[in-house]
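Chains as they are written, first to last, in our numbering: chain Z, 4 to 478; chain G, 42 to 519; chain P, -2 to 83.
Note that these hints are calculated values from the structure, not bench results.
Just so it is clear, CB atoms sit at the ideal spot from N, CA and C, and this is done for glycine as well.
Among these hints, one or two may not hold up.
To be verified - Short, incomplete list of chain P residues facing chain G, as computed with Cβ under 7 Å:
1. V46
2. S50
3. V53
4. G56
5. S61
6. V64
7. F76
Said to hold, decoys possible - Think about it this way: if two alpha-carbon atoms lie no more than 20 Å apart in a straight line, the pair counts; the simulated EDC-like pairs of lysine to aspartate or glutamate are:
8. P:K6 with Z:D333
9. P:K2 with Z:D345
10. G:K256 with G:D294
11. P:K20 with Z:E346
12. P:K47 with G:D310
13. Z:K328 with P:E18
14. G:K60 with Z:E223
15. P:K47 with Z:D382
16. P:K26 with Z:D409
17. P:K47 with Z:E223
18. G:K60 with P:D62
19. P:K26 with Z:E346
20. P:K47 with Z:E383
21. P:K40 with Z:D364
22. G:K117 with Z:D364
23. P:K6 with Z:E97
24. Z:K328 with G:D310
25. Z:K328 with P:D19
26. Z:K328 with P:E3
27. P:K6 with G:D310
28. G:K451 with G:D467
29. P:K20 with Z:D409
30. P:K65 with Z:E97
31. G:K407 with G:D439
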Amino acid sequence: MNLHSLTAHALLDLFKSGKASSKEAYEAVLGRIKAVDPKVKAYVHMAHAQPGYAGDFQIPIAIKDNLCTKGEEITCASRILKGFRSPYDAGVIERIKKSGGTILGIVNMDEFAFGSSCETSCYGPTFNPWNLQCVPGGSSGGSAAAVAADEAMWALGSDTGGSIRQPASFCGIVGLKPTYGRVSRYGLIAFASSLDQIGPLTKDVRDCALLMNIIAGYDERDSTSVNEPVPDYTKALVNDVRGLKIGIPKEAFVEGLDPEVRRSVEDAIDLLKKQGAIIKEVSLPHTPYAVATYYIVATAEASSNLARFDGVRYGLRAQPAKVRKNALIDMYEETRSLGFGDEAKRRIMLGTYALSSGYYDAYYLRGQKVRTLIKNDLDEVFKDCDVIMTPTSPTVSFKVGEKVSDPLSMYLSDIYTIPANLAGIPAISVPCGFSKSGLPIGLQLMGKAFDEEMLLRVSYTYEQNTEWHLKKPKL
Amino acid sequence: MSQFETVIGLEVHLQLSTKSKIFCSCANQYGCAPNTNVCPVCLGLPGTLPVLNHQALLYGIKVGLALNAEINSFIKFDRKNYYYPDLPKGYQISQFDFPVAKNGYLKIKSGKEEKRIGITRAHLEEDAGKLVHDTSNSCSLADFNRTGTPLIEIVTEPDLRSPQEAYDYLNTLKLTLQYLGVSDCDMEKGSLRCDANVSIRPIGQTSLGTKTELKNMNSFRAVKTALEYEVRRHEQVITAGGKIVQETLLWDDEKAQTQTMRSKEQAHDYRYFPDPDLVPFTIDYKVIDGVRAELPELPQAKFLRFLSQYGLSEYDANILVADHGMADFFEAAVKEYPQGKKIANWLAGPVLMELNNRKAAINELKLTPKDLVTLIAKVEDGVVSNLVGKEVLTFMLDEGKGADDIIKEKGLAQVSDDSALLVIIDEVIAQNPAVVEQIKSGKSNTVGFLVGQAMKRSGGRANPKKLNELITRRITGA
Amino acid sequence: MSISKEDVKYIAALARIDVPEDKLEGFTKSLGGIVQYVEQLQKLDVSNVKPTSHAVPVGNVLRSDVVKPSLISKEALVFKVPLIIE
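Extracted from the complex, chain Z is given alone in its bound form (with noise of 0.2 Å):
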């Protein structure tokens, strides 16, 4: 028996059981990492404390490297954070070590989560243990491998227009992008505070469900945190969605789809109608208005958002050779250029822009209105859909390097995931069918505010009735 090769679950079955103990099954992903992240490259680095064998939950698990670890140095895959070891463990990771969470290690991303490939890496890409010419997808494409290819059990990452759910999609696993505020971001380094969101990538949707349990719920030194009751989320896996209706926008369905993903999610809706979901078409008419909105919105926050990494204080810290504006500007601009990648400065750039005196109300201020429009869309199928199905993306996984010159062709691979960022509400995706070049295609579920259980029930009566997710990667 692999025990890497396990859902966490399962896992812990095993463990009640006495057939296993932690430290064998920590012992067993450690030897997979040794042997297939050569080859992946998921992990950016191992973590320095040994595991502590104590709780409930003494699952291997694989963290974004934008998740403050305390003691490890976290980078956002960015040279300009190099030798940040942080002093202080972000909520999400307390809530994993107080569950007796084992954590194996960083994982790759990429940089500041700017991307949809895990390309802009400054440790370079990770590989998708489908086809290791591909892309993993991203940003979270390091959490997604690393489970995809059994080398973690789950993972975190982060989703701030789709970088949980899309690398989830193009890996064949299943990732939730939680309601805003469900999910503390204290310690989770920012991107673009209003719409980045901290949540699981799993082996299936149990995992999924019992990932939620332990790190969703409120924390006071997050503002935006929600103080609402958690439920049980593994009580919400029912193999039933009888009578659930299921909104299918008609905007999701035209050009740029790839015909293969249309057909599974097709595929997806038949099964979901034959299980006896009300299938019902809906309109979304301002969402074609969602990747442009977004790029204005999340640019301009992390424009603030990463204006302090400036070599003041931790991180890189250039040393200009000769003075060209005064030396205080230069170190500024030297630490700066050298320290953030070309996507990043772009981003940062386009930010600054948007926010910048005389563009304010055509861009940032415009974007935050067209925002409301979006999210009207959502509330107004919502009063008479309990889910809205999507692909996740318009492609499966492409090759390494194929869309890094393009960068709005990268943007538009989130067509599907941004609005949910922007409503700040919660969306799931699982595996719905392979490519004929055998790379996995996700489907995507959006809920309403605070209803993860909905999306878990539906997910996991799909699970119920395929075996997607129980294909693996031959490595």
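Fit chains G and P to the given chain Z structure using the hints.
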């Protein structure tokens, strides 16, 4: 007479004396070793988030109400983006379009005239750190202890018409803020800081001239001097046909001149936007009423009440009200001894002198209101003279003892005993025959001279009334 | 609205990023492309729409004024920068 009118607006930054900082739980404390009073939040470490201090918000509302301002029912926080090594996040959390208070005023007295100075707005924000410049090692060092200290910035309308008016406004504002108990208002420690905007325009013109912004004034006196300097400079430049450049200038107190600021960029593009890490706040009338109910009596109201309730002179009332501790002391003393005017005289006279000599505040003295009124009663009862009473006060403060003990120990009680006084009087009469003759011839006002002489001999302890009586009787036999 | 090299220089300076001459063209082009794409938002009528800063409405989150010990280690922290002449 100048052909120009001066237009001044002031921005006062006030540190609020909450227990903890505005967005984190570090102590709000002055004087710690560099970078020891910091945490991940105020150091702006990656991943940290701000949460607003409730007390800071309540203090903000309190200041707004004291400045007769409207409290916004909806407020939010915004980021002001700029780079400077004392600003850990690369932005300052401040308030842009929905500040805690707006459209207020403060009444000031400039000379005899009362004037309303408009308050445009008062907003909450976080203080930055401090930079220490080490020229010998050619570096600057950042200390982030001050980072995150709650500030309220109080911005006036351009309503001030002279440096003196600016000075008067600042004193009135400071007094009001001290009464509120929201800050120690200590300029030396930097808990109160003031920047000034100044411009001039030909008398009669309604549009504003080009302004300059003055920074780095470390006292109200310096604000006044800097404004006077800058007004003169504007007049000279404009009279000579030149133009004022809009810029920020630093006041150099030693050289007594302003100079251009080199370090910060002049073109500001702060890119304000709502801070997504903080949520908006709705301030309902119950909260406002709650704060209003806690407002102390403010200086102007107290002044008027002191006039009417105790019949004090404007002079005495002013002195008492100008020091919150003094005013409280006064009222506590009146409760013990219902002689308001007498107590006010003592406080505004001998006690104030002692305070000045000792450079102390009234609550730092070893003197309770009860101690003071005991002493006053002794003087009123003739146990000691007014003069000796002042001496007793000094001893009381030095030794921390009550009036009774001091008078007894030092033997300072007035001598009213006839026989003892007559010995002295006889000596004085013997030594001043000419004066005695004058008195005999009807010039009774020269008695005072002999009283003075006798008082001197008694070491100030003789009862002057008694002396007068006895001398007159001795000489005229009346 | 298009974006010029001068615009890029201005925003780069505001963002404290040094864009060397040989990269100016590239950034101007890619930023220009994105700005052009984003232009589509100008088509929408948003005159009566309120902006959304927080998708999930939360308000009045306050912390009691209580001092808690800092989590930073007690070793002296020194932060040096190039000498600033005010």
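Hint check:
1. Proximity of V46 (chain P) to chain G is violated relative to the hint, the smallest CB-CB distance being about 16 Å (cut-off 7 Å).
2. This hint holds: S50 (chain P) has a C-beta 5 Å from the nearest C-beta of chain G, less than the 7 Å allowed.
3. Evaluation of the V53 (chain P) hint against chain G yields a violated restraint, the C-beta minimum of about 10 Å exceeding 7 Å.
4. At about 5 Å, the closest approach between the beta carbon of G56 (chain P) and any beta carbon in chain G falls short of 7 Å, and the interface hint on this residue holds.
5. Here the hint on S61 (chain P) is kept, as its CB sits about 6 Å from the closest CB of chain G, short of 7 Å.
6. With its C-beta approaching chain G no nearer than about 5 Å, V64 (chain P) sits inside the 7 Å limit, and its interface hint holds.
7. About 4 Å separates the beta-carbon of F76 (chain P) from the nearest beta-carbon of chain G, less than 7 Å, and the hint is met.
8. At roughly 15 Å between alpha-carbon atoms, K6 (chain P) and D333 (chain Z) fall within 20 Å of each other, so this suggested pair holds.
9. Restraint check for K2 (chain P) and D345 (chain Z): the C-alpha separation of about 17 Å stays at or below 20 Å, so the hint holds.
10. Distance hint between K256 (chain G) and D294 (chain G) is fulfilled; the C-alpha atoms sit about 11 Å from each other, no more than 20 Å.
11. As the CA atoms of K20 (chain P) and E346 (chain Z) are separated by approximately 13 Å, the hinted pair is consistent with the 20 Å bound.
12. Between K47 (chain P) and D310 (chain G) the alpha-carbon distance is near 24 Å, which puts this suggested pair outside the 20 Å criterion.
13. Only pairs whose Cα atoms come within 20 Å are accepted, and K328 (chain Z) paired with E18 (chain P) is accepted, the gap being roughly 16 Å.
14. At most 20 Å may separate the alpha-carbon atoms for a hinted pair to count; K60 (chain G) and E223 (chain Z) meet this at roughly 19 Å.
15. Using a Cα cut-off of 20 Å, the hinted pair K47 (chain P) and D382 (chain Z) holds, with the two alpha carbons roughly 15 Å apart.
16. Restraint check: the Cα-Cα separation between K26 (chain P) and D409 (chain Z) comes to about 11 Å, which is no more than 20 Å; the hinted pair holds.
17. Under the criterion of a C-alpha separation no larger than 20 Å, the hint pairing K47 (chain P) with E223 (chain Z) is inconsistent with the structure, at around 28 Å.
18. Taken as a hint, the K60 (chain G) and D62 (chain P) pair is honoured in the structure, with Cα atoms around 6 Å apart against an allowance of 20 Å.
19. With a CA separation close to 13 Å, the supplied pair K26 (chain P) and E346 (chain Z) stays within the 20 Å bound.
20. Of the supplied pair hints, the one linking K47 (chain P) and E383 (chain Z) holds, its CA atoms being roughly 17 Å apart against a limit of 20 Å.
21. For the proposed pair K40 (chain P) and D364 (chain Z), the alpha carbon gap of about 14 Å is at most 20 Å, so the pair holds.
22. For the proposed pair K117 (chain G) and D364 (chain Z), the alpha carbon gap of about 18 Å is at most 20 Å, so the pair holds.
23. A threshold of 20 Å between alpha carbons decides the hint, and for K6 (chain P) with E97 (chain Z) the separation of about 43 Å lies outside it, so the pair is violated.
24. For the suggested pair K328 (chain Z) and D310 (chain G), the alpha carbons sit about 18 Å apart, so the restraint of at most 20 Å is met.
25. Among the hinted pairs, K328 (chain Z) with D19 (chain P) is consistent with the structure: their alpha-carbon atoms are about 19 Å apart, no more than 20 Å.
26. Of the supplied pair hints, the one linking K328 (chain Z) and E3 (chain P) holds, its CA atoms being roughly 17 Å apart against a limit of 20 Å.
27. At most 20 Å may separate the alpha-carbon atoms for a hinted pair to count; K6 (chain P) and D310 (chain G) meet this at roughly 14 Å.
28. Between K451 (chain G) and D467 (chain G), the direct Cα distance comes to roughly 26 Å. Violation of the 20 Å bound is thereby established for this hinted pair.
29. A hinted pair counts as satisfied when its Cα atoms are at most 20 Å apart, and K20 (chain P) with D409 (chain Z) qualifies at roughly 16 Å.
30. Only pairs whose Cα atoms come within 20 Å are accepted, and K65 (chain P) paired with E97 (chain Z) is accepted, the gap being roughly 18 Å.
31. A distance of roughly 8 Å separates the Cα atoms of K407 (chain G) and D439 (chain G); the hinted pair therefore holds under the 20 Å criterion.
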